[in-house]
Structures are given as C-alpha cells and as structure tokens.
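Using the hints, position chains B and C against chain A.
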Amino acid sequence: MATLTPAAPRTTEAATSPPRRHTDSDRLFNRVVLGVLIALALLWLVPIAWATATSLRPPNDIATNPTSWVSDNPTLSSYQEILSAGRIQYWYVNSLITSSLTTLLAVCTTSLAAFALSRLKFSFRRPVFLVILAGVMIPPQLLMIPQFLTLQATGMLNTYWAVILPQVPNVVSVFVFKQFFDGIPVELTDAARADGASWLRIYWQIVMPLSRPAISAVTIFVFVWSWNNFLWPLLAVTDPQMMTLPVGLNSVQDAFGLPQAQLMASAVLGALPLLTVFLFFQRRIVEGIAGTGLK
Amino acid sequence: MQGRRRFLGAAGSLAAAGALSGCSTAVGQAFTGSAGPSSLLNFWHPFTGGDGAQLVGMQSGYRKRNPGTDLKSTTLVWGSPYYTKLTLATLGQRPPQVAITHVSRLPTLAASGLLREISPSELDQHGLTAGRFAKSAFRSAHHAGKLYALPLDTHPFVLYYRTDIAKKAGLLDDKGQLTDVDGPDKFLDAMRAVKEVTGLWGASIATVKDPATCWRFFWSLYRQLGADLVTDGGRKVVMDRAAAEEALAYIRRMADQKLIPPGADGDGGAITLLTAGKAGFLMDGEWQLLAVQGAVKDKFDMRTFPRIFRDAPYACAADSHAFILPKAPSEKAQRADKALEFARSMLDASLDWAKGGHIPAWQATARSSAYHHLEPQAHYAEAADGAAYDPAAWYSGADSNLYRRFSDVVSSVVGGHTRPGAGAARMHAALKDLAGMEAPI
Amino acid sequence: MSTATGVRTTGGQRWTASGMLLPFGIFYVLFLLGPLLYTAVAGFFNDSLVKSGPGEWVGTANYAEALGSPEFWSSLGHTLWFTVLTTVPLILLSLTLALMTDRFSRGKWFFRLAFFAPFMLPSSVISLLFMWIYADQIGLAQGVVTWFGVDAAPSWLGSPNWAMISIAAATVWWTVGFNFVIYLAALQEIPRDVHEAAAIDGAGPWQRLRLVVIPMLGRATTLVAVLQLVASLKVFDQIYMMTNGGPDDATRPSLLYIFQTGFTDGRAGYASTVALLLFVIILLISLVWFALIRRTEKEG
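Protein chains in written order, with our numbering: chain A, 2 to 296; chain B, 42 to 482; chain C, 21 to 320.
Okay, chain A solo, but in the shape it has when bound (with noise of 0.2 Å):
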C-alpha cells in the first residue's frame, strides 16, 4: 500500500500557496486510520478468500479439520466435478442470453420514451410523465403472483422470454435518460428538425450517439441488476438447464449431499463473471450503479 498518501489539496488556491504543515499528531491520525481501514478492507475480503481456500480443499481434508486454511494438497478436483456435471456451463449461457436481452429491450424502450417526454410536445406529456414517475414506488417483487399468471396464461414459462419480458419496464432507466436528454441543448435537435430530420431520426442519429455516458449506465444498470434478479427467473424458470445462474446456483445447494469444497467451487463460478467483469471496469460500472441509484 505504498501508493497510499495523504490527500492533496484540491484548489489550485491552496496548490499554489506552501502546502499547509501537517502536525505530528495529524500524521499519527492518518496512520492510526489507513491501518484500521487496511484491517477492514481485508476482513471484507475473508468470505470470498474463504470460499476460495475450501474449493481447493480435497473433500476429506476438510472433513478433518474443517476451519482450516490451507491444504497440503490443493486440488482443483472440486472444479472439475462442478464443470463436468455440465450445468453450470448453461447456467451462464442462459445468464447471458437473458440479461443481454433485457438490457438490449430495456435501453431501446426506455430512451425512446424518454425522447418523447423530454422533446416532443403532446397535451398529455404530464399526466404520462407522472404516471410513470409513479412506477418507481411499484416493487416488482410484490407483483409476482399476477406476473406468473399472465406468463403462464401464455404459455412462456420456462422460456428465456418468461425471464426476459417482465424485467424490461425499467423506470428509473426513463429517468436517466429523460435527465440527460434534457440537457443535450434545444439548438441542437432544432437545426436538424429545420432541416426536415424525422423525430425517429433525431432520435436515432443525433440524441442517441450524444448519450454515451447514459447508455453506458443504463446498460451496467439493468445488467448487473438482471443477472443478479433471482425471486423472479426463480417462478420463471424450473427446468434445471433453463435456469439462471443464481437460481441454478440455489438448486446446487439444494442437493445437499454435496460436498462443502464443490459448493464453495460453485461460489467462486458463480461469483467469477460479474467479478472479472468489475476488476476491469471498476470505475464505470461503480458510476453506472451509483450514479444511476443517485437519481
């Protein structure tokens, strides 16, 4: 942690003037918290270490001596009974698939709604607007006996659509949106209007390729959120190929027969995808979670 220094000053008024003088008892302060904070940091990475260090385990070794940390055998058996068993491989596919086009059904239709509430005029434009502000107080969550029932009266269940359909209406998607149109200038979509550009087209060629920072958020938004889902693909999905990866990660650990190293090794699967992804992406997914949450 050698990168770790103290803040620098963050006005160009004080970066000018001499830096103002730290105290011994000022310095013994940042000392005492950049340890406490190093101690926390590490206690939050024990689960997943821990997780870690029991998939590595042979069974038996941890039938011995359960709350140990290392083996002197590490294996990787435990994976490869999880991978040959051959499901979690269509858990991810089936992960992928919906979540990519949930993201994908929900970023086309929530921006293009949120284009007509930001820059057409149309006499119900309020009433429409609060009718879906009001969406925002709706918990999906609780809706999921009437979901169920219309999926099922249609005969979708245990499709990728079942999964896909009814995480689509995302509202605070429409928000975001509708706040970042709002403050792409009028001039803008006026010129190309005079020039005769359809509404569609503005959307399209205009408005579109200038939101870059909220697609990006919208689209790390309702992934992250959608492969997360799980009470929902849980009602929607039953046959164990179909599922998702965290309800077929809940199926693994309904077999309970199942030795502590390979559910651990299912964990750290499991776990692996969204956590690759964050190691490269840090910073933006944390702007698109946040940053969209913060709206």
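No lab work stands behind these hints, which were simulated from the structure alone.
Here the structure is a predicted model, which means the values were calculated and not measured.
Glycine is no exception: its CB is placed at the ideal position from the N, C-alpha and C atoms.
Careful, some of the hints might be misleading.
Pairs of lysine-lysine residues, derived as DSS-like cross-links and limited to a Cα-Cα distance of at most 25 Å, are as follows [said to hold, decoys possible]:
| hint | chain 1 | residue 1 | chain 2 | residue 2 |
| --- | --- | --- | --- | --- |
| 1 | C | K71 | B | K187 |
| 2 | B | K368 | C | K71 |
| 3 | B | K473 | C | K71 |
| 4 | B | K319 | B | K209 |
| 5 | B | K396 | B | K338 |
| 6 | B | K277 | C | K71 |
| 7 | B | K299 | B | K208 |
Now the stretches of chain C that chain A is said to cover, found in silico as 3 or more residues with beta-carbon under 8 Å [what the hints assert, rightly or not]:
| hint | stretch |
| --- | --- |
| 8 | 117 to 126 |
| 9 | 134 to 143 |
| 10 | 297 to 308 |
Just chains B and C now, kept in the frame of chain A:
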C-alpha cells in the same frame, strides 16, 4: 505443474461444453419452449443421505438396462419447497416426466389438476396391477376414485431400542427381542427400567425444531384412540377433543416423569441420545436406520411403535413415497410409457430400497425370503398394515401447515408450558382456523 | 405534413410521441401497472393458483384473515426487525468507511474494490458463502468465537435468537459497498476550501466533521436511507436460501409469507391481499421517512 494442466483442462471443457454439446439446440428450445429430445427422462426426488445413496445404485441399474434413455435425476431439498417447485414446474408446462411425492401430498396435487391419471390398461401393460402393491399404500395412491401414483414404500413411525441397554434393564426375551411394551403403563414401565440403566432418559424423541416428528407422535396415539380430524377434503372439522386431550396427557406423562428429554432437536440431537447411550429407546421414522446403524453397529433393534391404546385397530403414523406423472402439456412431452417403465424398474429394485429402512410396497419384494431375512427391517414390517396416513386436506400432508400448527402444541406440552386440555383446545382452534380458510382447490 | 418545417402541429407530435411511448408503455402496462391492478382486485376473490378463472367474490374476507393472522403480523415484524438491523449499520458503517477513505487521494481503488466487490455477487453466492461460514460445528464463525474463548458458540442460523442477526450481518457485508461509493462520490464534491476555511476558523477535526462535512452529506444520506429502507422491506433472497424463514418461522419476512401463501399453498387471492397490504406499508413508511428527512435537512 499438474495443477495448472488440470486448470487448463477444466477451462477447456468449459469452452467446449459451451460451444459444442448441443448448446445451440438447447438455446433454441429455450426460446421456443419446446420439449427436449424424446430420449430424455427427467426425474425429481427429495432423497439425500442414505436414501439418496440407495437411489443412486438403483438408478445406475436402470441406466445399464436402458442405454437409449437419458435419465436426468434431480435432487431437491425435502419439504414444502419441494412441492412448491413441483407445482411451479407443472404450471410452467415443463414438469419432470416422473417424480416422487409423499402420498399425503397427493390429494392436493391431484385436486389441483397437476397429475396425470394412470389408467388400468397402462398398469396391465407394465405389470403394475393392484394386487402387486401393499393394500393400504395402493389405496392411498388414489384420489376421487382415480389412480395417480405408484407407491414405492411405506415408511412408518417406529421404535428403536438399544439391545445392550434393554438387556441390562431386563426387557429382552430369550430370543433377544423386546418383551411386551404394549399398553400405556407397560410402555412407561419399560422406559423407567431403561432410565435406571442409562441414568438419564428412557426414550429419546425430537420435539424441538422437528414438526414432522411431533405430528407423527401425536397422530400415532390419536389414531389408536380411533379418532379423526377432518372430512370433506379438510373443510369440515370432526376432531375429537377428548381423544386429543388423552393423547396429549399421555405424552405429558412421559415428560412429567422425565422419561423423555424436554428439548431434543431434530438435527440429530435425538438420535445422538440413543447412539450415545443416554436413552434406550428412540421414537422416530425407520429411515434413520442407516444413521443409527452407522453409529452403534448391531447393538440396536427396531420394532413397531407400541400399541398404547386399544380403542381402534393398531395404528402408527406413516406415509408412502410414490411415483407420480406430473401433467405435461402434450403426450409427446409426457412420455408416460417411459416413466412407468422407469417406475417399474425402481420397484423391481425394492430390496435395495428396503436396505435404507423403508418397507417395500412392492409385494414381490415384501414377501420374498430375502426381505424376511433382512434385519432389523423385517422386525417392523407389519407396521405397514397399521399405516395411518395424514388426513386429506390442502393444508395437510408432509411438511404442511397442519404439521406446524399441531407440533407447536406437542412441543409446548412436552416442555410443560401447556396442559393437555389447553393443548387440545389449541389444536381444535388451529384446525378450525385452517378449515375456515378459502381453499385453493 | 407537407407544411414548412417548424410549423408542424402538435397533433403530429402527439402521434409521434404515442408511437415512441408505445413500446415502453406496453411493457409498463403488462408487467407493472396491470399486475398492480390485478393485485388490488384479486384480494377480494378467493383466487387460486391452480384453478383458472378469478375464483369467487369473497369481499373483505381475505383482509380480515390477514389482519387477524398472527403469521401476517409476525412476518411483518421480522421484516421491520431486519430493516432496523441492516439500515442503521449500513448507513453508519458506509459513512465511516467513506470518511476514512476520503482522507487518502491514492489507493482508493483498493478500498472500493474490497468494499464494493461483494455488491456485484448474486444473492445465491452470498448464501452459499455464509451458510458455510455459519455452519454448526465446522463453520468459520463458530471457530472464531470459540477461539476467543466462548464455550458454547451459538448456532448462527439454527437458533431463533441469532438467525436474523446472522443474516443481517451477511447482508451488511454484501451491500455496504453501494452506500460507500455514494458517500465517497458525495464527499468528493465538497470543495477542499470549505475544510480549509473551517480549519482557519479554529475548528478541530471532530467539529469540522460534525458541523461541516456531515450536513453537506445530507442529500446523500437521504438517498442512501430511502433506498436502503425500501430494499430492506423487500428482503427475500438471502433469507429464502439460508433459512427459508426458519427456525420456527423466526426469520420469515413478509415477501416470503406472500411467496409461501401464494405459491406453496396456492392461495393467490389471499397472497394478493398480503402483497397489497405490504405495498401500502412500504409506500407509507417511505413517504413518512422521506418527509422526516426532508424536514431535518431543511432545519439543518
């Protein structure tokens, strides 16, 4: 080095499975919702532990004999979540072709229209005629006069005893079997004699965190008094409060005289008391056989739950595992023929199933000499004749609301917090409450 | 529509707008608004999951049953208990962590990684991890307290007194990162000269924190508190997987009660009643909470 190679191998198999193993057709089906290939046979069951191990053996026998069938066996955690998933899968038009149910759950599943009826001609075709099953189990596989299930076993509430302790207590006859413990006082006397030897408890029973055991304890005694709870599919309460009070009073006597522990739990605590020699008897289901056997080897035996009351024919709480065919959207997806063939194959392997403790419903096995020589299984085989199944109601059956409500009372009576009379009143109120709810079927 | 540009009537825009709102509108009506109306109506019928049709009109019988049912109230109590157990530590802990991290300009990525990474995990991974950590006899948590000299370590998920606390602790571990990054972002927006000015005025570090920094975080706190509150009131996943509401229903939250009455018992009408009641309760609590925070914010 080897580790790394293995890791690469694992990663490779992941990629290969994703790209090759029929994934694209599976994805296509996942969009359209069409049923899988006709060679596929999905089987759902809640068997883990000893039962699960026996089942694995029986299934591998089936696989060997039927190489053309792709049997996919899925274990789901036992209890009401299992039935929830079964219901959801059937409503979602993607049920397993064959599944295990407790027959106590059958009335609800059948009345909900989730099961496919099994016709007499199909029975004939697969040699699954009525006469080849245990009578009471086969009767319980019906709903509204139609057959919906094929019983695999009967699993009653029984009595385990430590032979070494019983011998010291002078309770064994010259053949090494437990002497007469039938009758309210005789059973308590036997427990008292055992308590002298163990110095702690006479009998062990899980009365905490184990609604099912509490229910079976109560239900065995209550049925021996000849009383019933509900009729009309659970809508009408016909509970005999005096009988309930008598049964609870008997349970209270055991606790009062400190013959049973007030708080043994269902997570192995009750069994441990027996295996550790702190109790000489254990009242539990026969499926704990392998667990007890594993701990004390041959120093134990089993018999039917004692006949305490003589007001009615012998009764002990029991249930049966049975094969059902959840209703599929089409005959093509149903594969009833394959499913019945599989059930028949499992029934033929009943002797393996019996090794886990269950009494086979398949009479060819139950009457075989191999089974009669199976010990201690053969010592409680006649319990099947007295099997008392749960009352038929949507809130009744394995791990149901009824279990939860009644076990609260039993648990509280054992703990000494509720008197038998008040307990019977609470049971009656709970039952009224359940019967008064708007039934979903 | 051959008139000159800019003179098109709003009538034309009305059709364009309708067309653009339609795709979202269909989803919105089919999967949010429609189901909400269904929930409101179904509560008056004895609707069943396994029978087609809406069932029979039963008036307010479902409402009477729910309001008179100890299970309804106990599950609501568990939900509120879980909300208290998570919301308070999640706000205080994330604020503390953010304040500490904000002192350092470099290396933030490491703390953000450590605290936020768990938030990316699916609930089933969380449940698998913590069921192993909380396991009886062989789990890490019992090992640790035994190491500290506690003779009889509690059964973390098996004891009715501890189960909810254990689940809440796992939830704090899981979601604190979300609040943490929001606070961190809010702290970054406080100009450094505010600190400087306060320091020149002779305010000590604690005074600066209490009088300057915390009040400036008001907006973030409002947001974090409301989001947290609503999320906690809808808790389901980790409880469903770790204890399924047990032991002795001691951890069953309202949403699980709806799930069980609706999908296990198949009583869709009754479950709809409970869902609507919970909806109203969530709505009221968040409105009251919001109003309270707004008021204190204004006074501050």
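Outcome of the hint check:
no.: 1; hint: C:K71 with B:K187; verdict: holds, 19 Å
no.: 2; hint: B:K368 with C:K71; verdict: holds, 14 Å
no.: 3; hint: B:K473 with C:K71; verdict: holds, 24 Å
no.: 4; hint: B:K319 with B:K209; verdict: holds, 14 Å
no.: 5; hint: B:K396 with B:K338; verdict: holds, 14 Å
no.: 6; hint: B:K277 with C:K71; verdict: holds, 21 Å
no.: 7; hint: B:K299 with B:K208; verdict: holds, 21 Å
no.: 8; hint: 117 to 126; verdict: holds (count 8)
no.: 9; hint: 134 to 143; verdict: holds (count 10)
no.: 10; hint: 297 to 308; verdict: holds (count 5)
When each numbered hint is compared with the structure, no violation occurs for any of them.
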